[in-house]
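Student: Each chain, written out:
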Amino acid sequence: MDKTINLTLKVWRQNGPREKGHFETYQVKNISVDSSFLEMLDILNEQLISENKEPVAFDHDCREGICGMCSLYINGRPHGPDDDVTTCQLHMRRFKDGDTVTIEPWRAKAFPVIKDLMVNRSAFDEIIAAGGYVSVSTGGVPDGNAIPIPKPDADEAMDAAACIGCGACVAACKNASAMLFLSAKVSQLALLPQGRVEAKRRAIAMVNKMNELGFGACTNTRACEAECPKSVSISHIARLNREFLKASFAS
Amino acid sequence: MSKSDLKINSKIPEGQLAEKWTNYKTHQKLVNPANKRRLDVIVVGTGLAGASAAASLAELGFKVKNFTIQDSPRRAHSIAAQGGINAAKNYPNDGDSVYRLFYDTIKGGDYRAREANVYRLAEVSNSIIDQCVAQGVPFAREYGGLLDNRSFGGAQVSRTFYARGQTGQQLLLGAYQALMRQVHNGGVELHTRTELVDIVIVDGKARGIIARDLVTGKLHRHFGHAVVLATGGYGNTFFLSTNAMGSNGSAAIKAYHKGALFANPCYAQIHPTCIPVHGEFQSKLTLMSESLRNDGRIWVPKKKEDAEAIRAGRLKPTQIAEDDRDYYLERRYPAFGNLVPRDVASRAAKERCDAGFGVNATGLAVYLDFKEAIERLGRKVIEERYGNLFQMYEKITDENPYETPMMIYPAIHYTMGGIWVDYELQTTIPGLFCCGEANFSDHGANRLGASALMQGLADGYFVLPYTIQNYLADDIRTPRMDPDKQPEFAEAEAGVTKRFEKLLAIKGARSVDSIHKELGIIMWDFVGMARNKDGLKQAVEKIDAIRKEFWTNVRIPGNTDGMNVELEKASRLADFIEIGSLMARDAYNREESCGGHFREEYQTEEGEALRQDDKFSYVSCWKYAGDGQEPELVKEPLDYEFVKRAQRNYK
Amino acid sequence: MSNFLTVNIGRKFIMSISGIFLILFLLFHMSMNMVLVFSAEGYDMICEFLGANWYALAGTLVLAAGVVIHILYATILTLQNRAARGTDRYAASNRTVTEWSSKNMYVLGLIVVLGLLLHLYNFWYNMQYAEIAYGHDGYEVPAGSKIVGDLFVQPLYVAIYLVWLAALWFHLTHGFWSAMHTIGWNNKIWLDRLKVISNIVATIIIIGFAVVPVKFLIFK
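Protein chains in written order, with the working numbering: chain A, 1 to 251; chain B, 1 to 651; chain C, 1 to 220.
Careful, some of the hints might be misleading.
[Unchecked claim] In silico lysine-lysine, DSS-like type, Cα no more than 25 Å apart, as pairs:
| id | chain 1 | residue 1 | chain 2 | residue 2 |
| --- | --- | --- | --- | --- |
| 1 | A | K230 | C | K146 |
| 2 | A | K10 | A | K109 |
| 3 | C | K188 | B | K380 |
| 4 | A | K20 | A | K3 |
| 5 | B | K371 | B | K302 |
| 6 | C | K188 | A | K151 |
| 7 | B | K218 | B | K517 |
| 8 | C | K215 | A | K174 |
| 9 | C | K215 | A | K246 |
| 10 | B | K205 | B | K569 |
| 11 | B | K502 | A | K53 |
| 12 | A | K53 | B | K507 |
| 13 | A | K109 | A | K20 |
| 14 | B | K89 | B | K20 |
| 15 | A | K230 | C | K215 |
| 16 | A | K29 | A | K10 |
| 17 | C | K195 | C | K103 |
| 18 | B | K395 | A | K3 |
| 19 | B | K502 | B | K304 |
| 20 | A | K29 | B | K502 |
| 21 | A | K200 | C | K188 |
| 22 | C | K215 | C | K146 |
| 23 | B | K502 | B | K395 |
| 24 | A | K230 | B | K380 |
| 25 | A | K96 | B | K302 |
| 26 | B | K20 | A | K3 |
| 27 | B | K371 | A | K29 |
| 28 | B | K11 | B | K258 |
| 29 | B | K517 | A | K53 |
Keep in mind that the hints were calculated from the coordinates and are not lab data.
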């Protein structure tokens, strides 16, 4: 129950987007294996504050794997060495006493570092703003049951909609491609009759925006899918491609 | 204590319950499209209430400025709601109606909510479902293609719409997408990683905010003809709660300091099924959905020596014989059994643990056992129903709930209290509105499951966009102010700067978190699940001591330039201390037990909550009286015109 | 359609279409090679048929264009993808489990191109090119079967060709399903099926090509 471990942490420190970053090495001791990875970083920060040093900045919020705020590239994997989890759900029992843990921010041109391990993911918001919605305003909509939707379609739409926008797909991809993120939204809305209406417009607008923001191309390595904490499938990328190509050839 | 001449006017429209909202809408003032473009509305917060309000107001043509402390509007903590959203659609044909949803909500709130507000909430609930479906929210469906419903605590009908265990996420993404559409169209100016640090009042009206850019550390002034707070609840006063780490009550405290009333601060909901605390470095508590209680049986050992052996790690729960287990909820509440409401289940768990029967190394946990359900239904059925929750549990605790019972313990989850608003969702400061969990209005003393999402979206999509016009219609001649030329803005900004400088100058020895944890323990011990007069009195004193400790001994590294997470946390903690103090005072004042507020002195012989309707049928509204002064209590009487009050009974 | 060729998916579409075209060519080429296993005369007839005739030359030009486009877009995309990672790179080596070939398509492609250059020198240069350049001077192009036979009695060449084919195999196992995926012809159910088909297609092509050199090495 009360097993504890000691670790060496190599943490990326960077003061601002334009500053040069570097690794700092820290020691943390007596970390309970039942604590989460972020709690371990909390302990590190308490330690730094007590030494009058500046704590490590990292993004986090809900700490239950749904807000998509936490990130971190831990020992060569986004969200660290466990499957289907976000960093906040990663627990220290995944590490061994004496391990060296390298902690880096997401690396992508479209995700500039804000400070230390924090990156700016507003590119994702821009992609959604370009067309990741159904253009209906509040009020004046039909009854919820007016249009029946086949259960398999609704379920597949939900599979895609489970995306939490954390950016692990971009971080895992050797090309820093945002295709899994983008396809999840395009696919969700293309599968539902409500979103079908403007599916073409949406696909083109969102793909153009993604390109403009400097994300790479999809090479179908499936790294995104492997690291996605919500197991979003690359089959949505196929649907996105289909939507985009259909829309392009028709216009 | 100086009595102010403040009179509470809740502005309830005339007429029968079912006619009030229609009457209001028929007679309210509206703003014409050309004038809407000339009116600025500030919306703080991007959760269900904030995002839906910002999007809807922009769709109408208002110029909206929307603020969030996170990196994206989609991170707001509404995203974590699991179970579902209620609506009176009566799709299953099981006898549901607007009145029944209204009645269940009023009863669930232990008769401490405003009838007219709750009725309106039930009335617009159906439109919310239609709106979300139109936005592409992938609600669960049946094979026929129509929407599916599930049942939830406190109701006899199935009226809960859901999207797997991620309903909050899907609804928030729907609102977020509507918001981003308006950002794209230029109707909303979005400010992410930006925190409200003060509200600016000009000539008695809310006219803007001072906001801190959390990345650069710079303060910015923003003007608005009206300001809407949709900043969520203050559960994090307890440090450990199911809220997100960033959830805070600071906007509410700023409003309170400017003259808005803080209503019913003591009504906090404690959720019975959370994963127990594992150690002192725990940062937050994780909720396990209420739905688990449908099939799980809750128990502790009958014999104290067994409980002790389990705590010491000498005995495993699976080794305890059936006869030596105390299924205390089934024993005490044979009619409802494991499905009693949240407040009842939480108190029963605490009672057993306090009596020395608790498990886990800490003694602060009870078992939630699926053995019987697995035997009855088969592992596959259980896996289909709760697979994702079991997996989540295993990731956190490293224990397999298919083989060994889960351990659970109650935790702070939601705050029913909040900023006082009238029927129009306007605070006592003209032009300052408050919606969602941040206000106090609809849940009374206890919130039913699947009602928080309903209220947030009702306020944002269907209530505020109407009621705010009634206010703004009188403001069409007010030109946009230049905040740089307005002395009130400069003054507010100077105040904020001074406060931050004061915080940084303390240079004490203790980290923000260490003080926050201490506050949390006091809150949990004295203002938690069971409260009493003596404890609450102590709590007020202890919180005063913490306030002193904080303002003399906190250590915040760095300065105001650039990002400073510790400074953000410290500023919020200073406000949590004020809220904690208000909660304790309010709980002390309310000498009765109702919903989430349980005073040990007021219970039935069987240990159930005992209301004192003759004395406490009112909303406690606290008015700020100045730094270090006792706040003033103003009462809004709750007259029940349409519903007859009764003792809640779940036996 | 306006900016189809400037966005990633459009460029990837070009990669896919040119890739599938090249796979079809490989199948065509491979089936002709198979003739040599059974009949040297038949093979020589095909070689003559595909000599410096206008249709064969036109076909060669289209094929060359396909190769150039495929390589050109691969290069553009690779440069763009490298830029997308940003200036700071990960210090820890990546530990995400993925299909190895998918991450090394450009390198595999380079090996394939090197092999291709050798191959063109060994064969095309001595066959079609020789006919174009010297055919009108009465130059007699040697029979295809002889050129093949002379080359593959040398174990070193056989080894080089087998390495080349191995790289091609890896390139194709990923390339085929990936192309289908990029065109949008994929879904949850077909994802695994396409990968199987991809492996089968690649294996058939590579075995078909490998048979000839191996046969000549063993049965000199």
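Student: Each of the hints needs a verdict: does it hold here or not?
Tutor: Here's how the hints hold up against the structure:
no. : hint             : in the structure
1   : K230/A to K146/C : violated (59 Å)
2   : K10/A to K109/A  : holds (22 Å)
3   : K188/C to K380/B : holds (23 Å)
4   : K20/A to K3/A    : violated (38 Å)
5   : K371/B to K302/B : holds (18 Å)
6   : K188/C to K151/A : holds (16 Å)
7   : K218/B to K517/B : violated (29 Å)
8   : K215/C to K174/A : violated (41 Å)
9   : K215/C to K246/A : violated (47 Å)
10  : K205/B to K569/B : violated (29 Å)
11  : K502/B to K53/A  : holds (20 Å)
12  : K53/A to K507/B  : holds (13 Å)
13  : K109/A to K20/A  : holds (15 Å)
14  : K89/B to K20/B   : holds (20 Å)
15  : K230/A to K215/C : violated (51 Å)
16  : K29/A to K10/A   : holds (14 Å)
17  : K195/C to K103/C : holds (16 Å)
18  : K395/B to K3/A   : holds (17 Å)
19  : K502/B to K304/B : violated (52 Å)
20  : K29/A to K502/B  : violated (34 Å)
21  : K200/A to K188/C : holds (21 Å)
22  : K215/C to K146/C : holds (14 Å)
23  : K502/B to K395/B : violated (42 Å)
24  : K230/A to K380/B : holds (22 Å)
25  : K96/A to K302/B  : violated (39 Å)
26  : K20/B to K3/A    : violated (61 Å)
27  : K371/B to K29/A  : violated (38 Å)
28  : K11/B to K258/B  : holds (21 Å)
29  : K517/B to K53/A  : holds (21 Å)
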